[in-house]
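So the protein lines, in turn, are chains C and H.
Going letter by letter, the first sequence gives residues 1 to 236 in the numbering used here.
Going letter by letter, the second sequence gives residues 237 to 472 in the numbering used here.
Everything labelled a hint here was simulated from the structure, so no lab data went into it.
Some hints could be false.
[Unchecked claim] Using C-beta positions, here's what the derived DEER-type ranges look like: (1) F402/H <-> A232/C: 34 to 40 Å; (2) P70/C <-> P442/H: 41 to 47 Å; (3) M387/H <-> R31/C: 52 to 58 Å.
In this text, a Cβ means the ideal position worked out from N, Cα and C, and glycines have one as well.
The chain contents come next:
Protein chains: 2
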Amino acid sequence: MKLQICTQTHESSVKKPNKARPRTPIREQQRLDPSEREGIIAREAVSFFAEHGFEGQTRELARRLRITQPLLYRYFPSKDALIERVYQEVFVERWKPSWEKIITDRSVPLKARLIQFYREYAAVILTYEWIRLFMFAGLKDLGLNARYLKMLRERAFERLIEEIRFEYGRPSTRDLPITVLEIEMVWGLHAAIFYLGVRKFIYSMPLETDVNSIIDAKVATFLGGIRAVLPAKETA
Amino acid sequence: MKLQICTQTHESSVKKPNKARPRTPIREQQRLDPSEREGIIAREAVSFFAEHGFEGQTRELARRLRITQPLLYRYFPSKDALIERVYQEVFVERWKPSWEKIITDRSVPLKARLIQFYREYAAVILTYEWIRLFMFAGLKDLGLNARYLKMLRERAFERLIEEIRFEYGRPSTRDLPITVLEIEMVWGLHAAIFYLGVRKFIYSMPLETDVNSIIDAKVATFLGGIRAVLPAKETA
DNA sequence: CAGATTGTTGATCAATTGATAAATAACGCA
DNA sequence: TGCGTTATTTATCAATTGATCAACAATCTG
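Given the sequences, and given the hints that come with them, work out the whole structure.
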């Protein structure tokens, strides 16, 4: 018997065919356009599965949506299909192609590029939904995480190392493959940022520090440290 | 009317009283001493829940143990009690009090102490069971993770910072509280190591490098970096 | 070997839970 | 206003799943 909190977006459309139902102003169930309903379900599913994991029950999700459980199956053929949509919504849609441009824009100093990229990237992944869903997905296996990280490596990490090589006058990664040490350094930086999200959204430990300043510091340390593991300058 | 598949455990038990069973060396069901059975169940539960999460079904756990599902309830009053035992087994039993001595033993150079501690600590937590159970517990909430990390901070991190302060001639943490920056540096080191386990056991990404050498490198970087954030030397 | 003790199993319950189909009702259109 | 379309609900199924209890049987004791 919970308060009928209106879902902010629809209640106004109610008075559509006039008639002015002077009844309780309480939100009524309504018929929505399929695409709109589907979007609402998908959005709520993101939040729901992030909180409860993929074992969360469709009935409770429906309750949060203030619809009945079978209606979910009108829009998604199965629970797995809904989860697939959640992945799409979070791990694909939230990737910004502009990040790749930031990294490679040599008109900007390298350090500034790194800071800008990691700040923007952190703003996306350091959220309750992203961090928890990524972890839930990993524990469930599925190749999702490996696939995502492969993309992250190709689109961001490898370009990033190429830029660092260039900055310090080292051979291109096309001529001299990325070394284990180099990629390990990048992983280390990534770990530091990602772990902030783990502490906050999985361990429930409030961060005592500003994320951006942590990122700035980590990037500075990173740049200082990676020089030591770069391949030698092209001799002769 | 189900087929009476003999549950592999009894058919041979027919010829009951001893007599040197030269029969197939196949595992026999047997009456075990309660304490022994309990230990076996607890051990398998650790492995089982680490793999499937706490939503893993008691029936499948029982199948892995080659016992029937109700027998679990002879030794543990509920599934939650069994899970509680799993926590105990992994997060309490595996903590080594000797670690605290390693950190504070000033007859050994600081860097060597740090390396020894983190190597030993990593050997314990960088396991399939530890990493995954810790993450499952975190996602399920429960205060477990916060409690564990509080202990880790008190028993290890704070002593560690005290030793670093001493090494560099800074005021004791008893006189000057640990700063946010200091503890954040330690978290960073911890994150780097922990993330190795996440990559391996949650993302299923094989590590290409020796863990110990990574630890050595991280500790070295850490020691170099933390000097910069230590409080000023006691003046006058 | 008889009888007691108790570790173990088979049967079963009640609550969940993903999924389906028929009934209901809101909306658009003539 | 009446009718068709279809978004939504009600009712329900079948498989799961944590938990209980009486029956069974292995081991011990006298």
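Okay, the hints, checked on the actual structure:
Here the CB-CB span from F402/H to A232/C is close to 39 Å, well matched to the stated 34 to 40 Å. For the pair P70/C and P442/H, the supplied restraint of 41 to 47 Å holds, since their beta-carbon distance comes to about 44 Å. Between M387/H and R31/C the Cβ separation comes to about 55 Å, which falls inside the hinted range of 52 to 58 Å.
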